[in-house]
Every structure is written in C-alpha cells, then in structure tokens.
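Those protein sequence lines, which keep their order, are chains H and Z.
Under the numbering used here, the residue at position 94 of the first sequence is numbered 94, and the numbers go up by one with no gaps.
To convert a position in the second sequence, counted from 1, into the numbering used here, add 252.
Take every hint as true, because none was put in to throw you off.
Here chain Z is said to cover these stretches of chain H; the calculated rule only asks that three of the stretch's residues, wherever they fall, bring their Cβ under 8 Å from a Cβ of chain Z:
#1 67 to 74
#2 195 to 209
30 Å max Cα-Cα, derived DSSO-like pairs, lysine-lysine:
#3 66/H - 2/H
#4 470/Z - 16/H
#5 470/Z - 32/H
#6 201/H - 149/H
#7 470/Z - 223/H
#8 477/Z - 245/H
#9 235/H - 477/Z
Please keep in mind that the hints were generated in silico from the structure rather than gathered at the bench.
Computed from a predicted structure; not experimentally measured.
Backbone N, C-alpha and C define an ideal beta-carbon position, used for all residues, glycine too.
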Amino acid sequence: MKVLVPVKRVIDYNVKVRVKADGSGVDLANVKMSMNPFDEIAVEEAIRLREAGKAEEVVVVSIGVKQAQETLRTALAMGADRAILVVAAEDVHQDIEPLAVAKILKGVIDEEQPGLVIAGKQAIDNDMNATGQMLAALLGWSQAAFASKVEIDGDHAVVTREVDGGLQTIKVKMPAIVTADLRLNEPRYASLPNIMKAKKKPLDEKTADDYGVDVSLRLEIVKTAEPPVRQAGVKVADVDELVAKLKEAGAI
Amino acid sequence: MDFRFTEEQDMMADVVRGLLADHCQPADLRRLMASNEARDSARWAHIVELGLGGILVPEDKGGLGLAPVDFVQLAEAAGYAALPEPLVENAGVALPLLAALVPADHPVLTRALAGEITVALAHPANPMVADADSAGAILTVAGDTVHLTTPEAAGLVHQPSSDPFRRLHTLANVAGETLATGAQPALDAAFDRGALFAAAQMVGIAQRCVDLAVDYAKERQQFGKPIGSYQAIKHHLATCQVKIEFARPVLYAAAADLPNGDLHSRARISQAKLAATEAADLATRTAIQVHGAMGYSWEVDVHFFLKRAVALASWWGDAALHRDRVAARVMTQPLGPEFTFARES
Chain H
1 MKVLVPVKRV
11 IDYNVKVRVK
21 ADGSGVDLAN
31 VKMSMNPFDE
41 IAVEEAIRLR
51 EAGKAEEVVV
61 VSIGVKQAQE
71 TLRTALAMGA
81 DRAILVVAAE
91 DVHQDIEPLA
101 VAKILKGVID
111 EEQPGLVIAG
121 KQAIDNDMNA
131 TGQMLAALLG
141 WSQAAFASKV
151 EIDGDHAVVT
161 REVDGGLQTI
171 KVKMPAIVTA
181 DLRLNEPRYA
191 SLPNIMKAKK
201 KPLDEKTADD
211 YGVDVSLRLE
221 IVKTAEPPVR
231 QAGVKVADVD
241 ELVAKLKEAG
251 AI
Chain Z
253 MDFRFTEEQD
263 MMADVVRGLL
273 ADHCQPADLR
283 RLMASNEARD
293 SARWAHIVEL
303 GLGGILVPED
313 KGGLGLAPVD
323 FVQLAEAAGY
333 AALPEPLVEN
343 AGVALPLLAA
353 LVPADHPVLT
363 RALAGEITVA
373 LAHPANPMVA
383 DADSAGAILT
393 VAGDTVHLTT
403 PEAAGLVHQP
413 SSDPFRRLHT
423 LANVAGETLA
433 TGAQPALDAA
443 FDRGALFAAA
453 QMVGIAQRCV
463 DLAVDYAKER
473 QQFGKPIGSY
483 QAIKHHLATC
493 QVKIEFARPV
503 LYAAAADLPN
513 GDLHSRARIS
523 QAKLAATEAA
533 DLATRTAIQV
543 HGAMGYSWEV
553 DVHFFLKRAV
563 ALASWWGDAA
573 LHRDRVAARV
583 MTQPLGPEFT
593 FARES
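The following block holds chain H by itself, in its conformation from the complex:
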C-alpha cells in the first residue's frame, strides 16, 4: 500500500507572529518557516506504518510556493520515499484555500492511487481544519478526522478519534483519509545520514495548471488583528486577600 501525506509550509510555531500594519495578514518576510506540526505527525505515522510492514511507500506532497521544497526535503529526511511539489503561488503571502488544495490533492491522488492519505488535522497558520474533510468528499472516500491512533486491519483502518469529552474508535474502509491530531505520535528527529540521503530522493515538480485547478481566492480577508495584550496581574499579601479578589471577580 502507498501512503500519501500532504504537508504545508507554515510559519514556524516558535516564531512570534507579527500582523502587517494594514491588517491584511501576517508578515512572513524573513520569517522562519517550517513544516506544519500536525503534518509532521502525519509524516511520522506514515513512516511508522511502512516500518511496521503495513505500507510500502510514503509519498509527501506540498502545494504552495517553490520554497515548500525545503519542507518536502524535511519530510524526506524524516524517512518519506519521494516527494511531489505543486507550485501554485509565487508570493509567500498567498495562502492557497482549502478547496483548491483539496482539488489539487484529488488530482495527485488520481495519479498516485494511494491506499491511505494521512494529513494534519489543520494548518497552524489559518486553522481552517477543512482540507482533509473536503478531500474525502471530493474523492468519495471514508474519512477519520482527529486521529490519535491508527491501526491497519486488512482493507480497513481502525482509527481512534479525539472527540469532545473522550475518544471514539471507528473502523473505516480504505482507501481513506485520516487527519492526525496532536497525540497520534511524537515525530522523530531526522538523523544525519537520512538528511544526507534526502538530497538524492526524487522530488517531482508540478503546477496547479497540471491538474486544471483554479487557485484564485474565494475568500477575502477583511481584517487580521493581534490578540489583546494580557493585563498585568495583581500581587496579594495573603490568602484572605486572594480569596477576596477571587470573590470580587466572581470566580468563586
């Protein structure tokens, strides 16, 4: 079985995000970019499936600017077998919307015919949480979102999902789309020998036009704002004062 993992190049999770002065988005100039952390978990899961003998090949796909090549090299260094870059934007500030991403992925999947797609549940830049679900709908495939455990059982995948207030285990017929949640696994660090091998692994480059997908924007960002600055706390002298303050605030 072939496993396909879509990965997105996003602003590094350690970087303090700066909103552009005109509020049109986030400033990405000279900012460290990395693989979306949920996608990293998805890559790790796919590699583990291959190591467990449940999959033969792990293919990673990224859709965006040319620089996403670095993100794909990271995935190859972790252990993916080959990569596909679909160049769909020239400006690093242009985000490809989930529907366009899902349509391009459908084109890639039609060519690659994977048995399983493992994606991150959402990208940490726009928090859409939509691509995996849209992709399942476009393909007419089974869908298991927010996975915290994935087991392959013949032509089915048994997926434990993190839902409000607990866990839900479902069995989905493959081919299927699984989206990875935070606790699915802890991604490995790419080892030095694998980083060196990654350079020699195949990386195909395509464009959105190759799949006949229109990536023009359907959504307009009206405003982007930083969260309100946290107010300074108050020092209390003793427990009685603390209790009084909490009562005052209606907390107890």
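Given the coordinates of chain H, assemble chain Z onto it according to the supplied hints.
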C-alpha cells in the same frame, strides 16, 4: 564563491537546535545539577540516534565523512544550550583522531560510532581531561605517541571545575595500547578542531546570553517601563550582538579553512578562538549586569553559560597562545585584501 551554508548543513543544524530546545533547557540543566550528575542518558540517547558520532569520521572508517564546516553550527548549538554531554569533544575532536590512527574494525572505534561509548582525549594542550570518568576509552599522549586506555587503568584523579557539567581529571597513568607513533600531525589537527569547536560553542554561549538578557530586559520594569527601553541597557546589549556578529564569520571561515592545515588556516582558527572568547566574555558579563543584583545568583540561568565560557576560554589554548599563532601568520606572510584567500606554506 558561495559562502552560505548548504540546505543540508542548515537542516542538520535545525534538527540539533530543535532537539536541544526540546531536551536541554535551563530547567533540564537545573534538574541534572540537583542530581549531581554530568550526563542525562535520555538526552544522550536522542543525540546518538541522530547519528552524530561519526560526522567527522571518514566514510571508509564507518563515519559520515563530513567536514568541520558541517559540524560548526552543531557545536554552536551545543554552546547555545550549554549542553552537558560531550558531543563536541567526542564527535568533533576525539573520534576523528581515533579514526585517523586505527583500522575501521577497531572495537573501540566501532563501539564509539555505534554510540555505545564516548572517547575522551588527554591532549597535551589541556592540563586535564574532560569527561574522562564517563568515557569508555581515553586517548593519551606521550611525546608524539598516542595510547588508548580505559578510565579504570588511567587512575583518574578528580579535579575541581568551574562548570558543574564538565568533570575534570588528571591521569595517574597514561600508558596503554599504543595506537601510533609519530602522530604529531594528527594531534595538531585534533588541536585545531578542539580550538575551532570551542570557539563555536562560545559564539553559541554569547548568543544565548544576549537572548536571555534581551528577554529579561523586555519583561523587567523600572519607572513604569521595561528596562530594555533605556539606552543604558540596550546599548550594552547591542555592543554584545556586534561582537557576536563579528565573531561568527571569522568562525565560519575558520571552519571552511581547517582542512588545509597550514599557517593560514591555523591563524584563522586562532582568530576565531580569540574573537569568540571576547564575545562570550562580554556577553556573559553584560547578561549578569542586565539581570541586576540577582544576575550572579543561581536563580538566574546565566551562570550555566558563564561557567561554560570560563571553562572554554583557556581550553584548547589560551589567548596568548592563539595570539602567537595569528602573529606567526601576520608577521611572516604578505597582508592585504589580495592575500585574504591566498594560500601559503
């Protein structure tokens, strides 16, 4: 000529920085210090998994066959984290020396490359041996002969250290299995690597101290404003950053030049050691001052970095020795822009 690091070199550095950011924070150092240990086995296991041990060992000896310039950013990252484990001394200095003196199937080399043991080096340039007690083997030197021994056979005598994570020892007995005679060129190369990677660690230490001080200066308020908004603070920190920015290219040039092993490359390495030592000295002292009256206390994380900088300043040659090496180049060879990249013997 393209002086930038390659994508692979940056990726290796990112991986090591990420690992150390996850597993080697000041809170981890405090825990280790409280346990009176100098090594965290879980963190070391992660480092071993990265396959770092053989990075500078030639491929025909079982290593990755990479160059010092591939390792320099990793050593810098180790300094930035004040990494207690001997990654730099083991992978950067001792293992390439061992590999240069023994066949590929030598059991100590094989075990060291597999990450089962570390190798300590009793180089004549250093008065003591670092981390000899936790090493599986020790390389000792008598004249230009290199011996291989064990911590048990060497009769380790514990010596005080300013850095709680650098266990220092002298050896009562340097005799052991003779690996090579006439090994002076290999020992000189080990010295150059030691000095270069000590410089890299000190650039990392300097940067960490500036980062710690900047974070504190943004948070600590005086007269209703963060102290970092006052010129008395920000100018000091800017001066430290300038020192670092001037040390870093010297360091990277020295790393690229080290394999030439000539007068020119030795001068570059010594210049890097001098520049990095000055940057680390200024940055650690300034960070202490920026932290105010508590700056020198154990409550503030700066002391880990200060102690490492103090330890490394005279390790692999003190300032006087390195000034002499720079002078040997400056006084005997033509100077000027047209000679910047000239090679001479």
